[in-house]
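Q: Protein chains in written order, with numbering that gives the first Met the number 0: chain A, 0 to 344; chain B, 0 to 344; chain C, 0 to 344.
Incorrect hints may appear among the rest.
Below, a list of computed lysine to aspartate or glutamate pairs in the DMTMM-like style, where the Cα atoms sit at most 20 Å apart [to be verified]:
hint	chain 1	residue 1	chain 2	residue 2
1	A	27	C	318
2	C	107	C	89
3	A	194	A	248
4	A	98	C	131
5	B	98	A	248
6	B	98	A	126
7	A	107	C	318
8	A	286	A	248
9	C	98	B	117
10	A	333	A	183
Covered stretches of chain A, as calculated for chain C (at least 3 residues, CB under 8 Å) [stated by the list, open to error]:
hint	segment
11	12-21
12	40-46
13	114-123
Simulated from the structure, these hints should not be mistaken for laboratory data. Since this is a predicted model, take the numbers as computed values, not measurements. We put the CB at the ideal spot given by N, CA and C, even for glycine.
What follows is the residue order along each chain.
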Amino acid sequence: MWLRNCWYVIAWDHEIPSHDEERLFTRKVLNEPIMVYRRQDGEMVAMADKCCHRHAPLSVGRREGDAIRCGYHGMLFDATGRCIEIPGIERVPAQACVKTYPLQVKNKWVFVWMGEPERADPQMLPDNFSCDHPNWVNLPGYMHYDTPYLLIADNLLDFSHLSYVHAKTLGGSPAIAQARPQVERVTSNGQRGVKVSRFIDNVPAPPFYQRFRPFDSPLNRWFVYDFLFPSTLLMSSGGRPVGDSPDDDRRAVRLHSCQTLTPETETSTHYFFQQSHPAGVSDPAVKQSIYQSLVEAFNEDRDMITAQFRNLAPGAEADMLPLHFDVALVQFRKMLQDAVAAEQT
Amino acid sequence: MWLRNCWYVIAWDHEIPSHDEERLFTRKVLNEPIMVYRRQDGEMVAMADKCCHRHAPLSVGRREGDAIRCGYHGMLFDATGRCIEIPGIERVPAQACVKTYPLQVKNKWVFVWMGEPERADPQMLPDNFSCDHPNWVNLPGYMHYDTPYLLIADNLLDFSHLSYVHAKTLGGSPAIAQARPQVERVTSNGQRGVKVSRFIDNVPAPPFYQRFRPFDSPLNRWFVYDFLFPSTLLMSSGGRPVGDSPDDDRRAVRLHSCQTLTPETETSTHYFFQQSHPAGVSDPAVKQSIYQSLVEAFNEDRDMITAQFRNLAPGAEADMLPLHFDVALVQFRKMLQDAVAAEQT
Amino acid sequence: MWLRNCWYVIAWDHEIPSHDEERLFTRKVLNEPIMVYRRQDGEMVAMADKCCHRHAPLSVGRREGDAIRCGYHGMLFDATGRCIEIPGIERVPAQACVKTYPLQVKNKWVFVWMGEPERADPQMLPDNFSCDHPNWVNLPGYMHYDTPYLLIADNLLDFSHLSYVHAKTLGGSPAIAQARPQVERVTSNGQRGVKVSRFIDNVPAPPFYQRFRPFDSPLNRWFVYDFLFPSTLLMSSGGRPVGDSPDDDRRAVRLHSCQTLTPETETSTHYFFQQSHPAGVSDPAVKQSIYQSLVEAFNEDRDMITAQFRNLAPGAEADMLPLHFDVALVQFRKMLQDAVAAEQT
């Protein structure tokens, strides 16, 4: 179930080689192999990684300026995907071209548009500001999942799992699962999805908070996030000692996280993520340490979701028992399903 | 082709951790993941290894007394499979429960009933007495096969293979293949299957008999076994020097073997086995040595059956040439097929 | 798409063990496992590697003179595939036999006939003379491909790829891709296929020519080959310094190559090849060095074709853009398709 008329993250910008490197970057999105490279003027190009002739991957060919030479029979394509030379053929046929994809770079995320090109709309890009903002600090992360992307979306739409999957990392208290989140529909500014808000008062600091500073008294914690089409989480979260004023951030932990899922195939997924903390709050080693905690926790998720996926019999979904914590995921899946259905008619 | 209303061995009892260990035991039977654990009173429980909520495996969760806490969202199930707590939900819905399976332990084999629970009948357990009997000595064995279980049943239903597959281990003489076995139908005491009897006179001792004592004169050998639904072999076998009276066991080798096949999936199988010799006949090192011989021989079987399975084209069975040695396997397969058909109507 | 009434190479003759070795040779052709062994009189036998009883591979059994004993239940088959002994059965049933395949050895290639045996015709063997000829020198090669054989045939039917895939090995100049080959249909002497002729004047010597002698002036090069059913290339190629007379071979490189593709399964292929140079032209180390160059180049092909195959979506062929270089491959595929269709009606 893939929405096509939307932006998918294909890479962090630092993953795309500079124009003077030989290596060509390729990654599969919605089952389509896509090559991304930088032109000499610095702009990026997303091109089907598939020569129109015999479907050899262009990424095993080579750059010639801003053009790409297929390594099999030497066809040369310009950065718009038009073939501009076929060795031994005088007139290049008009059909000789390779698909290109609308591409946008925003705050270090490289997005491709997988639907009708004329509908590509930069307004629909998510507000992933903390990926690249002077007031926020993070390390960019990438993981590969051998599961369908919606199982990971389910996980991100229900933080009650923090109490169990992440008891020793991000969670730290069963109270997270006990708190009932508020779920609202988001349909504004070209964005569609759900907003999930969860406040948990008077709980111990989670283990990874100790990376910022020692906490020995209980906190009030919050998680407020949008989960937007096709599959992007934008979250403010944090905690402050019970009794501290909401205006007093001196002893608070404040985080902003951007995470997004891009289907690679029906059963595998790219996961791009970062979790930022305010610049200047801590010494430089904290950034690395926070990142390690996050990766450790996300490995816990991946272990669980992979075990869940392997456990699914055919048609398993009809047999699952929906519970209140599934409000957000049920609502999101329904919206997405409707959007996919609308797109296909 | 799986019979459901019958007992399948899921484990040797020593494989199931004690109630104070953290580890949870899980194994797939007929494609269903099943967790087995011990309650504090020592009784064992067999429960679907699949939370009713999102189908995460419960075995990656944890024990809380006799209950099991799912590691994903924290649902708690008692030993009957009923959900007794859902974090954040006051009234647990009645449908929140996990399937449990009738379970019996008999002579160290742990059986689960895969059909309608109300039909589970301990009378139908096989008489695997030598697995745990003061007069008999053995070491318990387990092997995993990447083949369908019926190919292994075929092998156990026709001992003519001993002369070739096990020429250097259990066999030792082409005469075993030449002897014609007697095959009878077994349908009594809740047991169904076939009885196979094969007597071979005046043959050299098989190589592994030398583990008991040196044999330098020919033996009369016998193999008498029941092969019972769903797939269990119970066998008396042995040999004694030609000329010795049938009542004189002083120079005889007498063995009792219990072996059973449990389908894991359509193309993989659990194999539980032991071969016992009388207690007190030999020094303790013999037990280990006999076990090694058996494992060596069973690896010969597995190599052959796996090679056979890889060699099978789709629909191969219709193309096989039945021979007299297949009497027992043809009869058993026919009985089983009828029983499966009866079950499905 | 497999033609059946034709000869496929199953092995180089040196791959088949002598009659006094224990090892039995087996290889899959068109999805059928086939065992090849030498009788005591030196003749080779090709027999289905599949006992007629329960389809165990005979190659895990053993030789007894010219007969083969199945390692599972001991059936004995003579070199015609007829069962001559079944342990414990007095009268061997007439249907107890294993398929044998017509076999021919010609110039070190061992061929099997995969169609109706009565139509097996040695006239249809290709003229692979240089594989074994006193005037020509080579080392025999074998590679395994995890791709369908027709993708490799495509590659051999279009040498414009030499300019790109083999720029640093066999190619050396974009002029090869620019030259337009002549393509004719071949239907004589029992052979069907296409003849492809390509002449390229005044180009630098390809890198691997330097293995024969230093070349510092441009050459005229030629490639003339038949590509015959089911998938065999027989090629004369070479180059001589511009200005040298076509009758003057003193400074010329002359090569003869025989290469053939045998489908193992729908998605894997055996590739047998050699490239010969005239005996006596060079010191013995050249032979090894030429062979290394060839293997290096054929690895370049395999990398490209494997990448192409992995890149193909279902139904990709309908979506490929045919170009003039595809004349030979389109014509050959059409002829083959017609022949396969004719065979099936």
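Q: Each of the hints needs a verdict: does it hold here or not?
A: Here is what the structure says about each hint:
For the hint pairing residue 27(A) with residue 318(C), the CA-to-CA distance comes to about 19 Å; that is within 20 Å, so the pair holds. Restraint check: the Cα-Cα separation between residue 107(C) and residue 89(C) comes to about 42 Å, which exceeds 20 Å; the hinted pair is violated. Of the pairs offered as hints, the one joining residue 194(A) and residue 248(A) is violated, with about 24 Å between alpha carbons and a cut-off of 20 Å exceeded. Distance hint between residue 98(A) and residue 131(C) is unfulfilled; the C-alpha atoms sit about 49 Å from each other, more than 20 Å.
Proximity of residue 98(B) to residue 248(A) is assessed by CA-CA distance (about 49 Å); at most 20 Å being required, the pair is judged violated. For the proposed pair residue 98(B) and residue 126(A), the alpha carbon gap of about 45 Å is over 20 Å, so the pair is violated. Restraint check for residue 107(A) and residue 318(C): not satisfied, since their Cα atoms lie roughly 35 Å apart, outside the 20 Å limit. A threshold of 20 Å between alpha carbons decides the hint, and for residue 286(A) with residue 248(A) the separation of about 19 Å falls inside it, so the pair holds.
Among the hinted pairs, residue 98(C) with residue 117(B) is inconsistent with the structure: their alpha-carbon atoms are about 52 Å apart, more than 20 Å. With a CA separation close to 14 Å, the supplied pair residue 333(A) and residue 183(A) stays within the 20 Å bound. With 0 residues having a Cβ less than 8 Å from any Cβ of chain C, the segment 12-21 of chain A misses the three-residue criterion, and the hint is violated. A stretch counts as covered by a chain when three or more of its residues have a beta carbon under 8 Å from one of that chain; for the segment 40-46 of chain A and chain C the count is 0, and the coverage is violated.
Here the segment 114-123 of chain A counts 0 residues with a CB under 8 Å from a CB of chain C, which misses the bar of 3, and the coverage is violated.
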